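Trainee: Sequence order for the protein chains is A and B. Using the working numbering, the first residue of the first sequence is number 1, and each one after it goes up by one. Using the working numbering, the first residue of the second sequence is number 1001, and each one after it goes up by one.
Calculated from the structure, these hints are not laboratory results.
Covered stretches of chain A, as calculated for chain B (at least 3 residues, CB under 8 angstroms):
1) 23-37
2) 66-80
3) 92-100
4) 118-132
Every beta carbon over 10 angstroms from chain A, so not counted as near; a handful from chain B, in silico:
5) N1004
6) V1039
7) P1075
8) Q1079
9) R1161
10) V1176
11) P1221
12) V1234
13) D1276
14) D1278
15) G1303
16) D1311
Computed spacing ranges between beta-carbons, pair by pair:
17) B:R1184 <-> A:P72: 26 to 34 angstroms
18) B:G1312 <-> A:D133: 46 to 54 angstroms
19) B:E1162 <-> A:E47: 43 to 51 angstroms
20) A:G104 <-> B:H1069: 53 to 61 angstroms
21) B:G1059 <-> A:A46: 39 to 47 angstroms
22) A:G104 <-> B:G1318: 34 to 42 angstroms
All values derive from a computational prediction rather than experimental measurement. Virtual Cβ for every residue (Gly too), placed ideally from N, Cα, C.
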Amino acid sequence: MSHEDEGSATSVDRDPDADGTPPMEATRYADGSITYPGHPVAPGGAEPVGTVDLSEYTATVVTWTTSTAPPPGVDAPNHLAIVEFDVDGEPVRALGQLTTDEIGIDDEVTPVYAAELRDPEAGIREPESQDWDGYRFEPV
Amino acid sequence: MTTNVAVIGASMTQFGQRDAWVRELLAEAGAACLDDAGVDPESVEHCYVSNMASGEFEGMTGVPNALAHDLDCLPAYTQRVDQTSSSGGAGMYAAWQSIASGASEMTLLVGGEKMTHRSTSEATDIIASLTHPVEYKHGVTLPSFAGLTARLYLDGYDAPRESLGKVAVKNHKNGVDNPHAQFRKEVDLETVLESPIVADPLRLYDFCPITDGSAALLFCPESIAKEYTDEYAVIAGVGGATDTHVVHERSDPTTMNGVVESGRQAYERSGYDPDDIDVAELHDMFTILEFLQMEGLGFAEPGKAWKATEDGRTERDGELPINTSGGLKSKGHPLGASGVAQGYEIYKQVLGEAGPRQVDADVGLACNVGGFGNCVITTIMEAGA
Chain A
1 MSHEDEGSAT SVDRDPDADG TPPMEATRYA DGSITYPGHP VAPGGAEPVG
51 TVDLSEYTAT VVTWTTSTAP PPGVDAPNHL AIVEFDVDGE PVRALGQLTT
101 DEIGIDDEVT PVYAAELRDP EAGIREPESQ DWDGYRFEPV
Chain B
1001 MTTNVAVIGA SMTQFGQRDA WVRELLAEAG AACLDDAGVD PESVEHCYVS
1051 NMASGEFEGM TGVPNALAHD LDCLPAYTQR VDQTSSSGGA GMYAAWQSIA
1101 SGASEMTLLV GGEKMTHRST SEATDIIASL THPVEYKHGV TLPSFAGLTA
1151 RLYLDGYDAP RESLGKVAVK NHKNGVDNPH AQFRKEVDLE TVLESPIVAD
1201 PLRLYDFCPI TDGSAALLFC PESIAKEYTD EYAVIAGVGG ATDTHVVHER
1251 SDPTTMNGVV ESGRQAYERS GYDPDDIDVA ELHDMFTILE FLQMEGLGFA
1301 EPGKAWKATE DGRTERDGEL PINTSGGLKS KGHPLGASGV AQGYEIYKQV
1351 LGEAGPRQVD ADVGLACNVG GFGNCVITTI MEAGA
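The following block holds chain B by itself, in its conformation from the complex (with noise of 0.2 angstroms):
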């Protein structure tokens, strides 16, 4: 039997172009998490750094254990989680397990990345660094990845153009409201159209940026939430899942199988189904992996994302609100906190916090994805009893 996982605390940095480095980020983020929990340093029994790469980023290693002094949480258990863009979500799966098994009464998880320092052909390179041998040595990057699904995509379902600007001016539109938001600026459809190309059919506005970030959620057994608030939320369901590493092995490159069986874990584990989420944050990377997950993950048949995005379903005041946060695209991508900040964006939702950006939400799932759909993470949340 395992133990009924809460969420009691949440905290996440500004996003953007910061002068901060990562164990600065991380610790700004973990300072404030356990702050607005009102949780006591010492009292973190488990802590845990969802980060892709602050060694290749900035020379920095051992981020858990800086962080864990930086806080005094001293003498807490300290990981590591990476997996790539998806760390964050594997954080949240690795808090979870640590609370739901009895390890730890209570954990801190904290993701955070420094980028900006470096050019966006280092930072690309970086991360493509994931990628197979076969596929490196051709030059190939995420974005690359992107547009090859892209066109597949739009030609196999004779899906517009257009129905992936307007994911991108959606986002966009929604992360005004996002005071930590990259960019709280709207873009319209033809500017999102008439932006350069960077992975052809894909543009410039069909891309997150780069960006430093941090991101904390703090996790206790339901039973002890109750002792420190009344306000907080529980884990209902979590699923995790890997893909082929090698992308072109895939029979078809417009299913994504991670985020399917993340998915089906998730909606097992919680007893809901696709019906019952009220909103979602879903990792928008590109424009065209918002498509792809809300397919995967039952929120549209297959081929028919795109009329559901036309159709306004996924708007703020649709059916079913995707990406309220402003998702990646205009929330910003510091990889290891990504994760973690769409857990802090359902968070909010589920528990009524989520001011200008509030939908009406129960329920909430947030999907995590790492590489081009290798490694993913779906989580489930809703407000505690």
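Isolated chain A, as found in the complex (with noise of 0.2 angstroms):
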């Protein structure tokens, strides 16, 4: 893990890694772009370099909704947004459940971890293929 951009005037000032949350790990790729998640090979074909930990930075809303019929092992209502990121300019891009529906469009929120999003044992998908924990947005 490295944390390429800090110091960005958008970075929040805490360091996520001191109360031993995991990062919210985006890949930077050899042209420049960033992309959450990773991928073996950036949009255009670049490979990738590095991480960066979005955590640190801030995000604006791109759109958001409430869904009153989650599936298994989510709490309804569940709030959900598209969130941009400025990584030195670069925008990167996240989905992710909000901490409250007193949102709106270009407001801006911070990641907030959590330990499990979803109960890992009530959906379709095998528990042990993939992690559950990660980031919900919350209003600055």
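Fit chain to chain and form the complex, with the hints in mind.
Mentor: Written out as structure tokens, the structure is:
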């Protein structure tokens, strides 16, 4: 894990590693693009060259919804948003749960770690096939 | 040089809540299709089944083998086509390829799904299993993608919420005249707009139901079609494309690149353009998808589909009737069957056999969407000469 973008104007004034929480790890590619999640190659074919911890940044809400009919293992209502981070001028989008529905498009949010976003045993997906912790978004 | 591909038979079962299981649904549609075309089962050389999740829904796999045996199509080559909700369209693409390439001279395509024995929550989760782990762990569902995108569309294009409701009203009205539809009941705009919220700003009537059903089409070279019938359709063009697996990685979620690219391919292969299309079946799993496909296929400028809908252009008596079958919204959405059923409706329309749903149509288009625009198949069909 590397934190390549500390000191950015949009970074959060805290160190998420200090309390033992894992990073919200995005992948940076040789062409400068960043995606969350990472892929073996960038959309333009560039190779991965490092990672960026998005939990050090704030983001703006692109759009949001409240789902009243979530799948098994998810509490209702489930507030969700697509947000966009600005990592030194490079846009990176992510989707995640919101901590509230008191939200609007273009609002600023910060990632908040959750040890379990969804009950791994309740859905159709094999619990061991993926991780279940991650980051919700909270209005700044 | 490819062979011109004809469609010489079509069928669909009653859509809705059925007692039959997937194997029985597939056999019902397959047998009816062969009967419709007057083709013996032993003439079938390839037999394709479009199905997303029979293993997950009912613990039944190997359905193409089961169908070929049940219909006595042995020893036909069999293949399952899974492209999630666009499995039916992908089946049409595969069937077209099989004939156009010369690999088969008679291909039966049957799409089907059995879903209603599962709870809404379970069925939604089976469908959502197509999502990336970083999406799935947040409890994302396909309806929630629709809510996210609808908010962005309405906000970005200053479109009224009522315009989405009018898609539901129109398609329910069309479904009244479809004897195979799950819902043959009109709904008014007030009912749509006051129905329970499912994924804000979308409400219950913005969503298609969970459905059991099956549909089938029979393909052969146009030269052989004439041995069976004078009334057949021709696949004028087909295209298929894929967008990002991770939906939020798209720069503009209101533009479905898979729709744009598959449409471009289908137009190019057919020689037609959007103005040539007389009738279209679009994948209205959610009302917002009808707008996004209208714009992606060139039936409306970006951000203007809502206005075309409000102006009545997409009504049955409008300039471009859309979803004369009632669409997924009213007819129902048995995942693997839906793309084939779209083909069934276009086949009936271009042959002038759509009964009370008939519009003036020489050329029709079907657009079948998998995931939230993740995979898309566009097919253009016209009456044979």
